[in-house]
Structure formats: C-alpha cells, structure tokens
Amino acid sequence: MAVDTRAPTPTATRAPDSGGSSLTGTWRLLRLAARRDRVLLPVWIVTLGVLLLASVASIIGLYDSEAERVQYALAVAPSVVARAFEGPILGTSLGAILMTETFGMFAVLVGIMSVQTVVRHTRLEEETGRAELVGSAVVGRHAPLTAALAVAFAANLAVGGTTVAILLAYDLPTGGAVLAGLLLMGVGWSFAGVAAITAQISASARGANGLGGAVIGLAYFLRAVGDGLGEVAPSGVAVTSAWPSWLSPIGWGQQAGAFAVERWWVLGLFAGLVVATVAAAFTLTRHRDLGVGMRPVRPGPAEASAALRSPVGLAWRLQRPTVLAWLLGLIITAGVFGAIGDEVDAFLETSDELAELFTALGGSDVLVDLFIVFFLALLAVAVGAFAVQGVLRLRSEEVSGRAEPLLSTAVARTRWVASHLIVVALGSAAMLLAAGMVGGVAYGLVTGEWGARFGDWVLAAVVGIPAVWVLAGLVVAAVGLVPRRAVSIGWGALGVSLVMGQLGALFELPQWVLNISPFTHVPAVPADDLQWLPLLLLLAVAAGVTGLGLAAVRRRDLLT
Amino acid sequence: MTSPAIHVAGLTKTFGPVTALDNFDLEVAIGEVHGFLGPNGAGKSTTIRVLLGLLRRDRGEVVLLGGDPWHDAVRLHRRLAYVPGDVHLWPNLTGGEAIDLLGELRGGLDQRRRAELIERFQLDPTKRCSTYSKGNRQKVAIISAFASRVELYLLDEPTSGLDPLMDTVFQACVRDVTAEGSTVLLSSHILAEVEALGERITIIRDGRRVESGTLTELRHLTRTSITVHTVQPLDGLADLDGLNDVEVEGTHARFEVEPDAMGTVQRWLAEREVLAFTSSPPTLQQLFLRHYGQQLTAAEVAEAGEGS
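Sequence lines, in order, name chains C and W.
Residues 158 to 717 (our numbering) make up the first sequence, in order.
Residues 3 to 310 (our numbering) make up the second sequence, in order.
Hints are computed from structural coordinates only; laboratory data are not their basis.
There's no promise every hint is true.
[As the list claims (entries may be wrong)] Listed next, with one range per pair, are the computed distances between beta-carbon atoms:
| id | chain 1 | residue 1 | chain 2 | residue 2 | range |
| --- | --- | --- | --- | --- | --- |
| 1 | C | Gln-668 | W | Asp-208 | 56 to 66 Å |
| 2 | C | Gly-457 | W | Lys-136 | 17 to 27 Å |
| 3 | C | Arg-287 | W | Pro-261 | 45 to 55 Å |
[To be verified] Listing some non-contacts, in silico: residues in chain W with all C-beta distances to chain C over 12 Å:
| id | residue |
| --- | --- |
| 4 | Ser-5 |
| 5 | Asn-25 |
| 6 | Glu-29 |
| 7 | Thr-170 |
| 8 | Asp-178 |
| 9 | Arg-210 |
| 10 | Thr-232 |
| 11 | Ala-240 |
| 12 | Asp-262 |
| 13 | Val-276 |
None of the values given here were measured: they were computed from a predicted structure.
The beta carbon of each residue, even a glycine, is placed where N, CA and C say it ideally should be.
Make the full structure from the sequences, and use the hints.
Laid out in structure tokens, this is it:
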C-alpha cells in the first residue's frame with residue numbers, strides 16, 4: 158500500500174546494516190576506553206621509556222669497549238644463575254648485551270600492562286554491571302572485547318615505537334632497534350590475547366588478572382628453565398637455550414636475538430599466538446552469558462562456619478586465595494634459586510665488574526653471602542607488593558560498598574582495618590619465612606651445606622619483614638588520611654622501593670635518596686652482621702604510620 | 003516521658019560545594035514505624051549514614067537511642083540493624099554465610115527466626131552472593147536484620163528490588179518487630195509502602211524537612227477529590243472558598259476541596275439536592291506531588307521567564 162511506503166514502521170526505518178554486525182559500536186567503545194585510560198596508559202608508556210633510557214645509559218657506561226663486552230659474555234654464558242635470572246647471551250654487541258640484561262624485565266612489565274588493560278575494559282566492566290548497560294545499546298557481541306584489545310594493542314605499539322626511538326637515539330643499529338621494538342610489542346600483544354581468554358574464563362576481574370599474571374609468571378619461568386638448561390656455544394660468548402625457552406613468548410623475544418643473530422621469522426610466532434588467542438577468546442564469548450565465567454559457580458555452605466564469624470575471619474576468607482597464590486609462587490622461586498645458589502661462584506669469579514657490583518651492593522667478598530642477600534632482598538620487595546595489594550583491599554571494600562553493612566554492625570573501624578592488616582602482616586611474614594626456609598633447604602640439598610648456611614637463608618629472609626611492614630603501614634596511613642589517593646600512593650611507594658633498593662646502586666643514586674626506601678635499611682645478612690637498631694627503628698616507623706592511619710580512619714567519612 | 007529513639011535537630015552535612023542536609027530535623031518515637039519520604043537524592047541515605055556514624059555531621063544535634071552515633075557507634079550498633087538500599091555483598095561468600103556473619107557481628111542472631119525468614123523469603127542460602135539478583139541480595143540483608151533481635155531498624159529503601167509478594171512478607175516482618183516493641187525508620191519513595199506501615203512520616207526534600215506528622219495530620223493538609231451530580235444547577239460553586247480545580251457542567255461537577263471548607267461545601271451541595279456523590283480520600287501521593295510539584299512549577303516559571 159502507498160501509505161506503508163510513505164510511513165514505514167519504526168523498525169523498518171533502521172537500515173539493515175545498522176543492526177547486524179557483531180562489531181557494531183566498536184569505534185565508540187574504543188573511544189570510551191581510550192578516554193578512560195588517558196592518564197594511566199601514557200604513565201605506563203612514559204615510565205617504561207624512562208626505565209629503558211636509564212638501562213641503556215647504565216649498560217653503555219659499564220660495557221664501553223669490545224674487550225669488556227667479550228669478558229662479560231664469557232662470564233655470563235656458562236653461568237646457570239645468570240642465564241636463569243636474566244636470559245641467554247646471543248652476541249657481544251652492545252645491543253645484544255642490553256637485550257640479555259633488560260628484555261626479560263621489560264617483557265614482564267608490558268605483559269602486566271597488557272593484561273590489566275584488557276581485563277579493565279572487559280571483565281571489570283561486566284563485574285560492575287556497566288557492560289550490561291552498554292550491551293543493551295546498539296553494540297555488537299564482540300565489540301567490547303575488540304575495543305579492549307585495540308586499546309591494548311595501541312598501547313603496545315606506542316611502547317614499541319618508544320623503544321625503537323630510544324635505541325636509535327643511542328646510535329644502535331637500525332635493524333636491531335626495529336626488531337627489538339617489534340619483539341616487545343609482540344610480547345605485549347601476546348599477553349593481551351592471553352588476557353582476552355582469562356577474562357572469559359574467570360568470573361571476576363581479580364581472578365582474570367590473577368590468571369593472566371600467572372601466565373606471565375609461567376612464561377618467565379619456562380624461559381628461565383630453558384635458558385638455565387642451555388649450552389654454551391663453541392664460541393664461548395653465546396648460549397643455545399633448551400626447548401622450554403621456545404614455549405614462552407618472553408623466550409621468543411630473547412631467542413630472536415636482536416643486535417645478534419636477528420631471527421626475524423620469530424615475529425611470525427607472535428603473529429600466530431596473537432591470532433590463536435584472540436580467535437579462542439572470540440569463540441568463548443559466543444559460548445557464555447554476560448557476567449558469568451566459564452567455570453560454573455558451585456553452591457556453598459548454608460551457614461557460616463565459626464571461623465568466618467569475625468572480622469579477621471572475613472579478612473582471611475577474602476585474602477586467602479591471594480595469600481596462598483603468593484606463598485606458592487615464592488616457594489617455587491626460592492626453591493629454584495636455592496638450588497642454583499652454588500653456581501654463583503662460577504658466575505661471578507669470571508667478571509670483575511659484576512663481582513665489584515655485588516660487592517658494592519653488599520660490602521663483603523663472600524659471593525654466596527651476597528647472592529643470598531641480593532636474592533632475598535628482591536623477594537622482600539616482591540612480598541612488599543603483596544602487602545600493598547592486601548592493605549588496598551580495605552579501599553576496594555569501602556569503594557564497592559561492602560564495608561558499609563559491616564561497619565553498621567558492632568565492628569569499630571579500627572577493628573575492621575586491623576583485621577586486614579593482621580592478615581597482611583602475618584601473611585607477609587609467613588611468606589618470607591617460608592621462602593627463606595625453602596631456599597635454604599634447596600641450597601642444602603644441592604650443596605650438602607646445612608647448618609649455618611640454612612640459618613643464613615632464613616635470617617636473610619626474616620630481616621626483610623619489618624621493611625615490608627613499613628610499606629603496609631604506609632598504605633594504612635594513606636587509606637586513613639588520603640583515601641582517594643591510596644592506590645597510587647601504595648603502588649608508587651612500592652615502585653620507589655624497587656627502584657631505590659634494586660637499581661639505585663646501579664644508577665649510582667646518592668645515599669639520602671636511597672634512604673627513602675625502607676628496604677635500604679635492611680641489614681645485609683649474612684654478608685654483614687645482624688644489626689638490631691635499624692630493624693627496631695623500622696618496626697617503630699611501621700607502628701607509627703599504622704597508628705596514624707588507624708587514628709585517621711576513625712575521623713573521616715566512609716567514602717564510597 | 004521516655005526520650006525518642008531518634009532525635010535530629012538542625013543537622014547539616016555538606017560534601018564539598020554540595021549541601022546534602024540543610025538544618026534537617028527528625029524525631030522518631032520509641033516503638034513507632036516512622037516513614038521517611040523523599041524523592042531520589044533528597045538526603046534520605048545521607049541522613050541514615052549519619053545516624054549510623056558512617057558519615058560525620060558538620061552541624062546539628064543527633065541522638066540515637068540516647069547516644070551519639072559518631073562516638074558511641076559500636077555500642078549503638080549492637081542495638082540496631084541496618085538494611086541498605088543497594089546491598090553489596092562479598093561475591094565468594096554464600097547468602098547464608100553473609101547472613102550469619104553480619105548477624106554475628108551485630109551481636110548474634112535468633113537461629114529459629116533465621117530459618118523461618120529464609121523460608122518466608124524463599125532464599126537459597128547456599129548460593130554465592132555473586133550469583134544473586136538485586137532482590138536476593140536485599141533479602142540477605144533483610145533476613146540478617148530481622149533475625150537479629152534489636153531495638154531499632156534503619157531500613158533504607160529496603161524493598162526497591164523485591165517483587166510484590168516479597169513486599170507483603172516484608173511488611174509482615176515490620177509488623178512483627180514493632181509488635182515486639184522495636185522502632186523502625188523506613189525510608190522510601192514508594193508512598194503506598196509508607197502508608198501501609200507508617201504511623202508518622204517525615205518528608206524530606208533538598209536536604210530539608212518539608213512536613214512531619216501523623217498520617218491523619220498530614221492528610222489534613224491534603225485535598226479531597228469530589229465528583230457530584232445534583233438536581234439543581236451548580237452555578238456559583240466556583241465562587242466558594244477552599245475549592246480548587248473546579249469543573250462545572252450544569253448539574254455535574256468535579257473539584258477538590260480543602261479540609262476546612264468541607265463542611266461549607268456539603269451544606270451548599272445539600273441545598274441543591276445531591277443525586278450522586280463520590281469522594282476520593284486524600285493520599286500521600288497528592289501531598290508528595292504537591293511538594294514535588296512546586297519545584298516543577300518553579301522550574302516552569304523560570305523557563306517562561308527566560309522565553310519572554
């Protein structure tokens with residue numbers, strides 16, 4: 158009828174192409190994601206760039222002449238510890254040494270950035286219910302994941318571009334610089350793809366991030382095993398890694414040998430992995446409902462057990478998965494490094510510079526002692542990350558509105574804060590104690606040295622506890638005094654501790670700057686004598702900042 | 003005379019430049035169900051959070067069960083239960099665990115009543131909180147609250163996610179606890195709910211109290227709608243005092259009358275031989291709309307002013 162053509166029904170006015178595609182709305186979501194990350198991602202990219210600049214400058218300073226570089230390569234190639242800690246050496250050019258020393262660390266960092274970015278724009282959106290609102294609009298089924306991946310890919314492209322620019326600025330060969338940039342980007346894209354899958358599997362953002370982090374850890378671990386088991390090439394200055402290195406995207410990045418063998422075809426492996434993970438993630442999105450994970454949620458007890466019926470019981474229940482995952486990871490790491498501890502002599506004796514560096518860090522010439530100090534100081538900072546994460550749980554409970562029903566019962570605010578703090582304090586102490594004991598046992602099993610050495614391992618681990626508690630106390634103070642800044646202050650403090658403690662000596666920062674980090678004041682047991690004063694002072698500072706935080710949290714509004 | 007359960011006078015609370023509560027007053031007597039009415043964003047939740055000591059007041063007097071809600075929070079919380087309007091629970095705990103945890107932290111709950119409430123509200127306590135709908139999360143908070151034997155219940159839009167059947171169960175629960183002598187402060191923007199349960203109500207708008215009193219007192223402030231059919235024509239009806247929105251068509255008329263004018267109007271109509279008379283009682287709806295409507299009118303006036 159004529160009337161129908163002039164006045165079509167509302168549904169008929171929609172052009173068929175505006176309603177159909179599963180990617181409809183991707184561009185809009187992409188702009189939304191980019192807008193929400195307009196501060197966070199640039200901070201990541203700039204931080205990585207600054208870290209790379211500092212690393213390149215420091216390595217150029219250390220290995221200026223060809224002779225120094227050959228000496229370095231001869232030293233690290235046969236060392237299991239060096240290969241497992243850092244990566245395989247594939248050549249003696251400045252770029253090749255830079256890749257060996259830094260690629261593993263940068264790969265882990267871009268991995269974390271990529272996983273968090275993808276999860277933030279997919280699973281977190283579902284968890285908060287925002288995805289439901291978006292999904293009810295004219296948005297295709299695959300649009301949110303596509304937009305999240307696009308943002309993560311773009312961020313990694315920027316990281317790769319920055320890397321190339323910095324390497325070229327230091328007059329490194331163009332081919333190697335471009336390859337290095339592409340490899341770092343490839344690692345980032347691969348972990349973005351992995352996160353796209355973990356975001357489908359886990360029903361919570363915390364779980365998806367944790368699973369993604371575990372995959373990064375596994376990738377690092379596989380290449381550590383493969384490189385550790387590798388063989389020195391006939392030249393003596395290069396390493397052929399064993400097959401486990403080839404199971405890891407981080408391993409691929411190192412095996413591609415930028416500035417050395419330059420295997421460009423490795424980029425194809427990254428392309429394959431990215432395509433495979435993204436395809437798998439899209440398949441999974443078609444097979445699940447919004448808001449739920451792949452694993453069905455099992456019913457649980459109809460009544461609370463006696464253990465749950467207190468604030469500490471609740472805090473333990475909420476933090477338990479995190480504590481156990483950290484504990485397991487630290488035990489495995491301590492076991493591996495305990496077992497290769499006796500290799501440290503072979504590693505360091507051949508290189509004066511590294512021996513000097515280790516001596517500068519610890520102030521003694523017994524290299525095994527220094528290895529123990531160095532390794533357990535690193536673990537203490539890692540446990541510091543757990544402490545920051547654990548105390549910040551208070552903030553997420555508050556922001557999500559879950560603290561409100563709890564605090565409207567007969568639970569004082571200080572008791573609520575203390576409940577989480579107790580779990581964090583005891584959890585971190587248990588982690589360091591366990592790491593020290595496992596490291597000592599593994600070292601003893603391999604070397605047959607028990608007794609005093611076992612004591613050294615345990616003592617070197619537990620002296621880190623007060624410094625970790627200072628960090629935890631600082632986050633409590635931030636939660637009390639400046640709650641809206643607590644997250645950035647907490648992670649910022651950890652970053653400062655990491656830079657000061659582990660890299661400060663390398664960058665030759667002045668002592669007063671290093672003193673900012675609580676970890677600087679940890680006695681270098683067993684290389685130095687055990688000193689009680691700094692430990693007691695650290696405990697006093699921890700108690701002081703915690704007290705400040707507790708007092709402040711009683712005085713402020715609950716901020717959701 | 004006993005002191006009131008809740009006494010709030012001149013309460014002011016600001017969030018930066020926003021004034022959430024502005025010289026707000028509230029008086030809730032022991033043993034009553036007090037309806038706390040207001041549109042979204044009027045300051046109901048802020049008031050309740052101040053009463054819970056979750057927010058600190060800027061100015062004013064707040065006495066809850068004879069104590070100061072900020073300084074005596076823990077002691078007072080043993081004697082009250084709170085149901086938030088938007089219930090957030092721990093995703094990996096089951097509903098049953100959350101009920102027990104919150105009840106235990108309040109100072110213990112009545113196991114028999116807990117079982118009975120789970121039955122009445124048809125809640126599956128073995129499900130994880132992450133799988134509950136909004137209504138089911140609300141049931142968890144309601145069950146936990148009513149299974150605790152406390153003196154005061156602070157309920158902040160407690161039924162916003164419940165279906166009508168569960169709403170009825172909820173109303174029965176409120177009647178049960180008041181029969182035992184407890185006091186209930188029930189915030190809502192649903193008038194029927196407050197009319198069904200409330201003995202006295204307070205209406206809040208823009209952080210200020212606009213009305214407070216018993217339902218009868220407040221009905222007194224509202225108009226009765228009347229439709230009438232008489233033998234003689236109704237000329238001159240519109241000239242009477244106390245009438246509004248008068249529509250006259252010969253012997254038919256429809257109008258609203260204020261309480262004070264009711265007697266005069268009835269006598270005037272009787273002289274004209276009433277054939278049919280329908281009167282709709284005043285509802286809170288009208289009262290509410292009148293206060294809310296003023297705001298709209300003011301906005302309309304402003305708009306008209308800009309246009310000219």
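Would you check whether the claim that W:Arg-210 is not at the interface survives, using Cβ distances to chain C and the 12 Å cut-off? Nearest chain C Cβ is 21 Å from W:Arg-210, so the label holds.
Taking the minimum C-beta separation from W:Glu-29 to chain C, is that value above 12 Å? Per Cβ check, W:Glu-29 is outside 12 Å of chain C; nearest 22 Å; holds.
Are all beta-carbon distances from W:Asp-178 to chain C longer than 12 Å? The claim stands: W:Asp-178 keeps its Cβ more than 12 Å from every Cβ of chain C (closest is about 21 Å).
Assuming the hint says 56 to 66 Å, is it satisfied by the Cβ distance from C:Gln-668 to W:Asp-208 or not? Check passed, 59 Å falls within 56 to 66 Å.
Closest CB of chain C to the CB of W:Asn-25 still more than 12 Å away: Since the minimum Cβ distance to chain C is about 19 Å, W:Asn-25 lies beyond 12 Å and the statement holds.
Range agreement (Cβ of W:Pro-261 with Cβ of C:Arg-287, hint 45 to 55 Å): At roughly 49 Å between Cβ atoms, W:Pro-261 and C:Arg-287 fall inside 45 to 55 Å, so the hint holds.
Report holds if the minimum CB distance from W:Val-276 to chain C is greater than 12 Å, and violated otherwise. holds (50 Å)
Just want to verify: W:Ser-5 was marked as not at the interface with chain C; is every Cβ pair farther apart than 12 Å? holds (22 Å)
Status of W:Thr-232, Cβ more than 12 Å from any chain C Cβ: The assertion about W:Thr-232 holds, with a minimum of 48 Å to chain C.
Does the Cβ pair C:Gly-457, W:Lys-136 satisfy 17 to 27 Å? For W:Lys-136 against C:Gly-457, whose Cβ atoms are near 20 Å apart, the range 17 to 27 Å holds.
Is the claim that W:Thr-170 lies outside the interface with chain C correct, judged by CB distances over 12 Å? At about 24 Å from chain C, W:Thr-170 clears the 12 Å cut-off, so the statement holds.
Checking the smallest CB distance to chain C, is W:Ala-240 really beyond 12 Å? holds (44 Å)
When the structure is compared with the earlier hints, no violation turns up for any of them.
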